Structure formats: structure tokens, C-alpha cells
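Participant: Here is what each chain is made of, one letter per residue.
There are 2 protein chains.
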Amino acid sequence: MITPPGTSSADFAAALDGFREIVSPEWVFTEKEDIDLYKDAYSPFWGEPDERVASAAVAPVTVEQVQAIVRLANRYRVPLYPISTGKNLGYGGSAPVLSGSVVLDLKRMNRIIEVNEDESFALVEPGVSYFDLYNYIQEKGLKLWIDTPDPGWGSVIGNALERGLGYTPLPYRDHFGAHCGMEIVLANGELVRTGMGALPGAKSWQTYRYGCGPWVDGLFSQSNFGVVTKIGFWLLPRPDASLEGTITVPRHNDIHRFVALLAKLGAQGVINCAYWIESPFANTFRAGADHAFGATPDPEPAEWDVRAADKGLPSWAVRLCFHGAEAVVRAQWAHVQSEFASIAGATFSDGPLYRHPLSAQDLARVPKQVEIGVPNLAIFTAGARTREKKSPSAGHMWFSPVIPMNGAEMLRARKVFGDALREWGISPITSGLPMHYQERTFLMLFGFEIAHDREVNKKNRQSMRQMVALAAQHGWGEYRTHSAFMDPVVGAYSYNNSSLLKLHETLKDAMDPNGILSAGRYGIWPAHLRQAARQVNRRGDIQ
Amino acid sequence: MITPPGTSSADFAAALDGFREIVSPEWVFTEKEDIDLYKDAYSPFWGEPDERVASAAVAPVTVEQVQAIVRLANRYRVPLYPISTGKNLGYGGSAPVLSGSVVLDLKRMNRIIEVNEDESFALVEPGVSYFDLYNYIQEKGLKLWIDTPDPGWGSVIGNALERGLGYTPLPYRDHFGAHCGMEIVLANGELVRTGMGALPGAKSWQTYRYGCGPWVDGLFSQSNFGVVTKIGFWLLPRPDASLEGTITVPRHNDIHRFVALLAKLGAQGVINCAYWIESPFANTFRAGADHAFGATPDPEPAEWDVRAADKGLPSWAVRLCFHGAEAVVRAQWAHVQSEFASIAGATFSDGPLYRHPLSAQDLARVPKQVEIGVPNLAIFTAGARTREKKSPSAGHMWFSPVIPMNGAEMLRARKVFGDALREWGISPITSGLPMHYQERTFLMLFGFEIAHDREVNKKNRQSMRQMVALAAQHGWGEYRTHSAFMDPVVGAYSYNNSSLLKLHETLKDAMDPNGILSAGRYGIWPAHLRQAARQVNRRGDIQ
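Each protein sequence line maps, in turn, to chains H and D.
First residue of the first sequence: 1076, per our numbering; consecutive thereafter.
First residue of the second sequence: 1076, per our numbering; consecutive thereafter.
For the record, the hints were derived by calculation from the structure and aren't laboratory data.
Values in this document were obtained by computation on a predicted structure and should not be read as measured data.
A few of these clues could be false.
Distance windows between CB atoms, simulated [claimed, not checked]:
| # | chain 1 | residue 1 | chain 2 | residue 2 | range |
| --- | --- | --- | --- | --- | --- |
| 1 | D | N1210 | H | S1417 | 26 to 32 Å |
| 2 | D | H1431 | H | P1588 | 51 to 57 Å |
| 3 | D | H1431 | H | A1419 | 43 to 49 Å |
| 4 | H | E1378 | D | R1430 | 42 to 48 Å |
| 5 | D | Q1610 | H | A1116 | 52 to 58 Å |
| 6 | H | E1101 | D | K1577 | 31 to 37 Å |
| 7 | D | D1437 | H | G1387 | 44 to 50 Å |
| 8 | H | A1409 | D | A1495 | 49 to 55 Å |
Glycine included, every Cβ here is placed at the ideal spot set by N, Cα and C.
Isolated chain H, as found in the complex (with noise of 0.2 Å):
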């Protein structure tokens, strides 16, 4: 049996009973089986020793036994791990940041406890995923949306309080910023709800989110000061009608009106969905089996030109996707089509209309259907298809640098990062493509390959530190990360000899003075473990 670092195996004895005094026997795990299913399936140090293993897990179903969870866990000093649904793939999935932490898993806490369609927001419990909640509105035939990211089955509140993000118009597709009202047990046991929460017998704990007082929730996404039991997330009353339109321009040089556009109309909110910048031209000349991303390089903008025009490929070219009335859809998207139309060259397409509620046919036929809010598991199969040579229990893990959104920003980013992968000769599962998921910025999206071969592994833990390094050094950095390198990414943000994780460190070492919870995770260590984590760090490869 594995112990928890620093616990005696006795006190972990004591604490695994006084677990299965709180949730009952058959709810606490420890045998090998049960406890090796919170591994990360896409864990970067497969069959190392420094895979991160749980030693036990503790499933409750009420927020009481959560409180009592955790008093139990600053008695014996046992850490512990809190997850939602434990999916989180690409990004660390179920398992805890300090191996031998004991899982608290929230799977059973799946109380959909309201969904409001006049006032539209719903409030639920971890265990609840984007599926449940899809399937629970549609049965009740309420006509709202929601939205979900690729793939639906993780938790709605794991998701946003990783600051995962969909497809549907803002504010929704911020998973964070779409939420309203918390509830959280403390590292102490105590209970906190935030917001309007706080006024007992308030009926706007799920529609005014700052209550009086300074606004704490921030505090309990992507960190390690309390167990999230209950969220509200506001909801999209069901549009009429979705219209597509497809947008492109002939030049190289014509992304920085491209991108202007887009911003300013994203944010006067005529343009409100998710979308990617492609360009088929530059799709003609990846090269290799994965038609990779930096294969070759970009030709400089006058050849690129003359070569576009060439094989008729537009250079740069977006779809959007437009969510309400016919009428005003049709409005918006000639509004957009109007503005465009001052880079000489822009072509225009009309994407299908779609009217809502669609048929059962009519939706199998759409093509990505998150981006109407409707959750799948397509994705997977997408990853299937394109990675071809890849073993099936291939999997990976995300580098996501924020990228300013302006053009010349986007064509640095595609530069630097390009030339970095063709030197270090690796091609992670990539297009390449600035996406447009948060409100002002672009993310790209790296999947570096996790392999059953170690040495693919090491390899791949290596360029994705130099990734984040290089990110780095040009002034980008991530908006998540696989838990084995949140030390580094977060090493990133330095500002003030990286006075912001200072205080991170003093908020966490006065809200969890045990350092119980989530060892690690974003790099906010415990004081008694933190000098240890920063040498491990300082050594260079993943703690």
C-alpha cells in the first residue's frame, strides 16, 4: 500500500477508517484496481517512477461528509486530492499532483439541484456532467442551451473552474465567466457561499454574482484553497436560428485588417462564437505524414502571394457561426460581410441555417454540434482519424499559450513556434490555427504525443518545457496546463521576482495552514513541502 507523504501508516490507518466511518466502507478505496483508475491515462511518465499514483480514494455523496472529509484530513495530516467527474484529459485527468494524495472524488455529488428557464441558469453539483445536464433540459423540454466544450462527458464545474471554454456566444462559452454563485467547503471544513449565497434566503445566489464584499471566487478556480460542492452557471435561452458564413482574403499581408475586424466586431458583439483562423494556402505545403504544422516554412508574404494565387487558395479564411432571430442573424452576418468587404479580394459564403429546436435528423446531420451546444464525443474519433499512425492508447498533453489578437502577433507566434518544432524535429498534434475560445485573445493548441514508450515520453516532457520557455520569452504564456508542469508554466509569471505566486503562497498557507489540499497544483505548494518542490523544480526536468 502506498502512504501519503509525511503521514505515519498508522495515522493513515486512523484516517482511512474515520473515511469509511464518514461515506461507508465501500466508498473509501485503497485496493490497486480500484485506486490505478485516478492514474492519468495520458500521463507523461507512464511506467515511471514518477507516475502519479493515489494512494486511496474517498467518494462522499453529501457536503456534509465532504466538511467531515476534510477535518479528518487536517487531523491526520493526509492530503488530499478533490476532483469533479476526473476527466480533464491532456491536462493531468484524475491524478493528484503529489502522488500519494487521497483522491476525494465528487462523482456521486451529481445533484442537478435547479434549472431555471425564466430567469436561465442552473445550479449543480461536481459529479454533474455536460451529458447529465444536456440530457436532463432536453428531457424537461426547456428551451435553453448550454454550453459544452470537446468532449461533453467531464464535469460542468471541473471545467469551469479549470477556465475551460465552448463554442456557444459569451458568456457562456467562459466556463468561469458564465458562472454565478459558489459553494465551497474549506480547507477547515467550513462552509462558504459566495456572492449573493451569503444572504440567507436570497433568490439571486444564481443571478448577481459579486454579493457585498470583496468577490472571492477567482480564488477557487485553477488553485488549491477549497472543494467546490455547488456552482450556478447562466444559461443561453434557446436561439430561434444559427446561421454560418464563411469569410476569406486573398494576401499574406491582409491578416492584420482580418484580425482587427474580427476583434472590434467581437467586440461590439456582432461576432460572438468560437472560431479559428485557417489558411488554405498554407495547408498546401505542411509536409510529412502528419501534414504537420512548421513542416516547411512560411515563404516570406511576396512569395506567398504570387504562389496563393497560383493554386487560387485565399490566404487567410474564418467561419463564423451567428446564434438568434433569422432576421438579426441575417443582419449580423451582412453587417459583417459589409465590413470585410473593405480588404479588396474578400470572398463571402453562406453557411446553412439552422432553425431550433432541429430534428433528431437534422442534428445528426450538423457537423459539430458543440458548437450549437450539444454534447459529444466526436473529438475522440477526430484525434482517431488524423493520427493514424499512432497507437489508440496514444494520448497526449496540451501546451495552450494565450497569443495577443492582432495579426502581427499571430504571425510571430506561427513563425516562432514553427521554426522551434521543425529544429527540434518533433510535430505535436497541431493545426497551428489561433482560435478564438476566450474574449480577446487567441489560444493555439499544442497535443505533445504521450506514447507506452518512454522514451518518446522523455523526449516530449523535454520540448514541452521548451515550449513554455520559448513561450515565455516571447511574452506568451498558458491559460492552463497539464498538472506535471504546473510549476514551470506558472514559473512563468515572474513579474516582481514572481510576486504574484507569493501571494498565492500566503493566501494558501493562511486558508489550508495543514497544506491538505492539492498539493501543487497551479505550483501553489504547502509551506512544509515548498522548498522541496522548488529544488525538485530547479533540478530541470518535471518535478
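We have chain H; now place chain D onto it with these hints.
Facilitator: The following block gives chain D in isolation, referenced to the frame of chain H:
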């Protein structure tokens, strides 16, 4: 000379000398005629011993000076009270919550560091007012709007930190919600940048708000955990046009569907402006010189409908404003009409269409310029007009409860507050209108008079406390409060033995162990004053 509580005269003198060294003697104020200017112009304790006064003021011009002042204040245990431009009329002005504090006046830090037109954001210091930012944008000819509250002389940062509100579309009119990235001098003098500001060289500080790891920004709103020295704000790219339209519905009980449609269309982003729900009929049975809300009770719905029909007046009305391309706003307004047409007897009238930018003459004809982002001070003349019987020096303090956005709760609030005002025989400045500033709730605003008359003020302080308690009984809490009422207002947020306030206190003790920053702000007292503050508060009158 007033000495800060708990500071010896010798220490205070040494601190003042130190401040003079830091900012030069001319920017340290200790003369009565100077520090009197920091009194609350609308103090509910006017001329009474409890009136809040500063002991001194210090006005730095650089971040380094702020850091040095904060460090010195720690050394000598001098309580500081940071203000931006120090307006905040009706909520406490520039007066410290704790008498004897030294006002840390940031008005000299008034640089507009950047306004970026392509990515539509601004980065400003605390001394920048809405007028300053507007004028800067006009002078440079940038195609950007700001969002401004009534009135426009306040600090862009100060208002956002108080979670103030304006009139243009979301996210812009939620001034805290539209911020992106902060720079903060912590209570220990350390300088922190949040979000992407923590990543050296990042160009996305003003465009990606969360950064990586916990998002701490909310801690610095309505609180006393640090001194905010810079904030980025998202700006709305100037829309082509603004179109107004007014909707009325005939019957009392139409309010339910009326509000539900406003909520739905708001959540869909079709209606995206501040608005308030009028009752043209109910306005006719206001009595008294003030035409005070609640002066006569609302009749029962059946009688209401007969009388409203007799008078030919609608029961409810709302004026909306749409901003964007002309064809889009026309389509939006048409769609809104088609939705409200489901209420029998609904009427629609087109308001003016403005094409931006307006000429000076056209702008002068806009009745409420804040609705198109133009700061002004017109609200003061509005107050003067409707309060003719009051002294020109009479002020007010705001009671600002958040009400759920549904017809039943709105009617309930109307009745509860109306009945109470009538029973108590007081008539605050109020329309009794549910105002829609925040994203998903209504706000009701009641301005209790501040006079140069101790008896009037005493009665109104008592009424204010009663209103806070009455609201809390019904599940309504304030979104913001006058500094004299922070303890009772925050005290109503008492879920689970005030566990949220206890968390705030834990954070305060960790981040500001000497308790030097804004003691008592939003009910957060430093440890050494906490017990005393609670006792005073329990005594009954305002602490």
C-alpha cells in the same frame, strides 16, 4: 491635530516626516482646512462627533511612492485610507471608515498609460476620471466609447472597484466586469500584477484577464486588501448607430411576462442596455410634494386594471436602446417587438436613431448622454429639479438592494418597501423603479436624505438600518453601501454564522497583518479592532 487611533503622537509625527520625504512636503496635508476637504460631503454624521475625519492626507504620484508610504505606515502602524479621485457621493465620499486614518489620495496618479484602438482597451491609473478618458479618446479621434456612470467626474478605477455601473452594453457597463488586469501595491508594499501582467513582456495584460492559477482580482473590489495602482479596461468600439424604442403593456399582471421577456432577450444579448421599468399608471397616484414612491398603496390588480384603463395609461413601460450597425439594431428592435407582441395590448413606439459620431449640436439634443457613453454632470441638476423643497446643500445616502429579475419579486419589493416607507413616514429620493444595470438582476435605489440637521440625519440613519434589515428578511441584499453602513449591510450576508465574512477576515489577517489598509471597509476590520467594532455595531446605532 487628530492622531490616528492606536498611533502615538511621536510615531505619527515620524510617519508624517517620512511621508514628506517620500512625496515632498507640499503633498502631505495636515492643516484642518486641507483635511476637511476629505470629509464626506454627504455625511450622515454631519457636525456630530461620529463624523468621519482624516488625520492627514498624503498624495503620491508614483507607484514607488505608494510602496514607500505603505511600508512606512506598517512601521509606524498608521492606518491608511486609499482613495482614487474620492467622489463616491452617496456612498461615503472620500472620508475614511475609521476616523483618524491618513487618506492616501491617488488623484495625482492620473496617467492614461495606453488606449489601444485595434484591441479596444485602456490602461489607466486611479486618478483618471471618466471625463479624462473620454476627452483623451476624443482628442485622439479614436473610434472607441467609454462607459460612464452618473456623474462623470469619478475615477474609472475607483468606480470599478466599488462595482459601479453605467448604461452602454455589457460587459462594458459592469465596470468591474469590464476590467482586465490589475497592478496592486499589497499591504506589505510588494507590487503585484495580475492576469497576464504577471508574465514579463506579455502584451495581453489588458486582453486576457485570468492569467494562469487562481484569479485574485475580485479580492481587490469592495475591500481593503491592497492599493490598486493600475487597471486595464475593455472599451466598446464605437457603434454605427443607436436606436431607441419604447414598449408598454396594459395590465398589472402583464408584469410577469414583461419581465420574463426582458430577462430572456437580455440573456440572449438582444437587449443589451441599462433600462428601468416605469409604471405610467402608478405614477399618477403618488401623493405629497415629492410625489413619493409608496405614498399611497398600490391597488389590487383588478382595481388597478380598471383605473389604468379609465385613465388610458399603461401599467408598465420600458425604454430600450440598441447599439450597432443600423440594419442590425433595426432587426433587433423588430424582433423584440415581435416577442412582446405576445402580450395582448402591448404598444411599441420608435425612439430616435442616432448615427455616430454625433455632431456637437446633435449631441446636445440627446436627453441622457451617459446612455451613449458621454460623461457629464447632468444628474445633479436632475436632483435639484425634483427636490425643490430641499436645501441645495442637502445630500443623500444610497440604499441599493438587488432584486431577482422576475415579476413576482419585483412586485413584492415594490410592496414591502412602499409599505415600510409609508409606515415610517419617510420619503427617500426614489422612483421605486426596478433598474436593470447589472446583468441578470434588478436594482432598486433609495436615497435617504442627508441634511444639515442632526435630527433629520439621525432619523434617516435609523431608517437606513431598518431598510437593510427589512430587505435581508426578504432575501434582498445590497450591491454596495455607504461607508457608514458597511457593518450592518455586510452583516446581512450571514450564511453559516457569517462564514464568508470570516474568510474575508482570514484573508485580511494574512495579507495585511498590521491592519493598516482601510480598516472597516466592507465590514472587514483588522484583528486589533475587530472586537471593538463588533461591540459598537451591536450597540444599535451605526458604528
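Participant: State for each hint whether it applies.
Facilitator: Taking the hints in turn, this is what the structure says about them:
1. In this structure the supplied range 26 to 32 Å holds for N1210 (chain D) paired with S1417 (chain H), their Cβ-Cβ distance being about 29 Å.
2. Look at H1431 (chain D) against P1588 (chain H): about 55 Å separates their beta carbons, and that is inside 51 to 57 Å.
3. The hinted window of 43 to 49 Å between H1431 (chain D) and A1419 (chain H) is violated, with their beta carbons roughly 26 Å apart.
4. Separation of E1378 (chain H) from R1430 (chain D) is about 44 Å and conforms to the stated range, judged on CB atoms against 42 to 48 Å.
5. Here the CB-CB span from Q1610 (chain D) to A1116 (chain H) is close to 57 Å, well matched to the stated 52 to 58 Å.
6. For the pair E1101 (chain H) and K1577 (chain D), the beta carbons lie near 35 Å from each other, so the given range of 31 to 37 Å is met.
7. The hint said 44 to 50 Å for the Cβ distance between D1437 (chain D) and G1387 (chain H), and at roughly 48 Å that hint holds.
8. Our hint of 49 to 55 Å for A1409 (chain H) and A1495 (chain D) holds, since their Cβ atoms are close to 52 Å apart.
Hint compliance for this structure: hint 3 alone is broken.
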